[in-house]
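Peer 1: With the hints as extra help, turn the sequences into a complete structure.
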Amino acid sequence: MPPRERLLTRSFDLPDSHRLETSRRSGGYEALRKALGMAPAAITEEVRRANLRGLGGAGFGTGMKWGFVPKETGGKPVYLVVNADEGEPGTFKDRYLLERDPHLVLEGMAITGFAVGARRAFVYIRGEYVRPYRILAGAIEEAARANLLGPNILGSGFDFEITLHRGAGAYICGEETGLLESLEGKKGWPRLKPPFPAVVGAFGCPTVINNVETLALVPRIIERGAEWFAGLGTGTQGGTRIYSVSGHVRRPGPYELPVSATLRELIEEAGGVRDGHRLKAVVPGGSSAAILTAEEIDCTLDVDGLKAAGSMAGSAGVVVMDETTCIVEALYVVARFYAHESCGQCTPCRESTGWIYRVVGRILQGKGRPEDPDQILDIARKGVGTTICAFYDGAVGPYLSYIEKFRPEFDHHIRTGGCDVQPGRVPVLTTH
Amino acid sequence: MRGAGRVAFSAETLARARELMAAYPAPRAALLPVLRLAQEEFGWISPEVEEHVAGLFGLTPAHVHEVVTFYHLLHQKPVGRHVLSVCHTLSCWLMGAEGIIAYLKERLGIEEGETTPDGRVTLLRAECLCACELAPMMQVDDDYVGPLTRERIDEVLERLD
Ligand SMILES: Cc1cc2nc3c(=O)[nH]c(=O)nc-3n(C[C@H](O)[C@H](O)[C@H](O)COP(=O)(O)O)c2cc1C
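Heads up: the sequence lines are chains W and V, in that order. Using our numbering, the letters of the first sequence map in sequence onto residues 1 to 432. Using our numbering, the letters of the second sequence map in sequence onto residues 1 to 161.
I should point out that these hints are in silico values taken from the structure, not numbers from a laboratory. Misleading hints may appear alongside valid ones.
Unchecked claim - Here are the simulated lysine-lysine pairs, DSS-like style, with alpha carbons at most 27 Å apart:
#, chain 1, residue 1, chain 2, residue 2
1, W, K367, W, K382
2, W, K307, W, K367
3, W, K193, W, K405
4, W, K187, V, K77
5, W, K76, W, K193
6, W, K186, V, K77
Peer 2: Right under this line is the structure:
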């Protein structure tokens with residue numbers, strides 16, 4: 001194992017970890033002070049060399065993304081938008097960061113704003129996150145009083161203003177352009193790209209959008225340098241990240257590990273599978289990631305490691321299932337989510353998510369037809385790449401992998417009308 | 001003023017709404033925050049509230065309606081004094097969310113989507129609330145509560161006025 005560094009979670013267990021005083025005692029805002037003395041382009045270059053990759057789901061190179069902001073904006077302001085709309089099933093890391101170390105997030109935002117030339121930022125925070133919202137709002141006030149936000153930060157001449165914007169319940173608003181539409185007061189229908197947000201983003205202006213956790217890592221890179229950060233990870237992704245571990249483990253919770261750790265190590269960190277049970281399957285990167293079987297957990301947890309394993313790192317929401325789990329019913333639950341959350345803009349997504357949910361429900365009710373699994377696979381595959389955003393491609397992750405890896409369970413339900421994993425169990429069917 | 005006839009914001013809410021509209025590069029960006037204020041004031045977003053908000057923003061009521069129907073935290077019918085939203089997505093389902101929902105229905109004597117006749121509690125299902133480490137969990141008004149057991153639910157219900 002590489003050395004155990006805590007970049008994101010080291011203050012989590014301190015009393016009043018959300019207060020400015022606590023943050024400053026452990027060096028909070030020192031990286032901002034340092035960054036304000038650097039050339040903005042040098043900060044972007046440092047982040048690029050650190051191999052920081054976006055932790056919201058797509059894993060895009062952060063330094064490269066910042067570099068897409070045009071040098072000449074024709075007088076338009078540049079905005080920074082923070083994606084705090086955490087919604088990917090199985091994920092809760094951003095909630096912990098916002099509640100336990102909001103100043104680390106704010107410091108990362110200010111450094112990023114300085115680097116990309118943004119003097120105004122919007123934090124789009126999930127509507128259900130009331131406590132994180134209150135804590136973050138309090139932290140912004142504290143930081144502004146200490147001249148760490150607002151006009152002329154620390155006498156540097158750099159102004160940086162933050163607006164908190166609360167969502168109202170829609171998973172699709174986590175998709176960056178759905179988020180921008182929602183921020184502008186519309187329903188969250190994703191935009192056709194290009195143009196990308198770096199060129200035409202919020203209110204028609206160049207916009208950098210990053211996830212909460214991505215931004216929280218920026219101060220660490222400035223503090224200790226790109227080489228150190230890159231060295232914590234793999235050749236193509238630097239640093240650590242917070243894995244949200246839940247499901248059938250002894251100690252569910254947030255675990256920070258280098259991205260070069262393996263899925264097996266992570267599950268052990270969380271205490272292993274609950275007493276008296278054994279591992280059946282794991283979803284490693286939020287519900288949109290393809291499921292892995294108990295035999296497939298020796299892969300590393302970085303973006304490329306999980307891609308090589310046929311899944312994805314996504315949001316690092318890790319859901320562990322033991323042998324009591326009926327995979328047909330698990331797919332039903334996941335398919336219900338995608339049917340409910342499809343925004344309805346693109347026909348393949350709107351129609352397929354609803355149809356697949358109903359057909360998996362039919363299988364679960366003992367009314368499945370022998371051709372159902374193959375038809376689901378076929379319909380699922382045909383829609384990939386045909387929609388405006390990646391929501392549908394995400395839904396296809398579970399549709400294909402649950403059926404392909406656990407086909408006998410689906411066939412058993414269809415043949416016998418019952419479940420061989422939990423015989424006699426009556427599944428609860430719902431309408432969405 | 002619960003949705004009957006024409007409605008209008010109180011003076012304070014109106015001032016707050018205008019402040020919000022001025023705080024963004026484009027006033028329309030304040031639509032969700034203002035709808036949140038409206039829900040705080042009226043309890044839910046009735047067609048009359050949509051119309052009032054539309055007037056404020058210079059939008060058509062249809063535009064506002066389109067937004068209201070898109071976001072599930074905006075209630076299109078009256079809710080109880082307390083709203084319980086039980087998460088039923090993957091991790092919560094694995095940890096027994098369905099048993100939790102069944103127990104809540106039994107204790108409250110209502111179905112999902114319904115409000116108790118005394119107007120005290122509305123019971124809803126929710127998609128992933130991103131508190132999977134607390135599974136099975138629910139949101140009780142502003143707060144996340146979990147892991148839920150029958151005893152924990154009894155305590156929660158006891159505390160609600
Ligand atoms: C359907 C869908 C949902 C998404 N949800 C989130 C989310 O809740 N939080 C997030 O940070 N990114 C989410 N993303 C990814 C964003 O589109 C975007 O890539 C990210 O905010 C960029 O920040 P990063 O580069 O720092 O990761 C989602 C993407 C899709 C397609």
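Peer 1: The structure should be examined with respect to each hint, and the outcome stated for every one.
Peer 2: Going down the list of hints, with the structure as the test:
no., hint, verdict
1, K367(W) - K382(W), "holds, 25 Å"
2, K307(W) - K367(W), "violated, 35 Å"
3, K193(W) - K405(W), "violated, 34 Å"
4, K187(W) - K77(V), "holds, 19 Å"
5, K76(W) - K193(W), "holds, 20 Å"
6, K186(W) - K77(V), "holds, 21 Å"
The structure fails to meet hints 2 and 3 from the earlier list, while all remaining hints are met.
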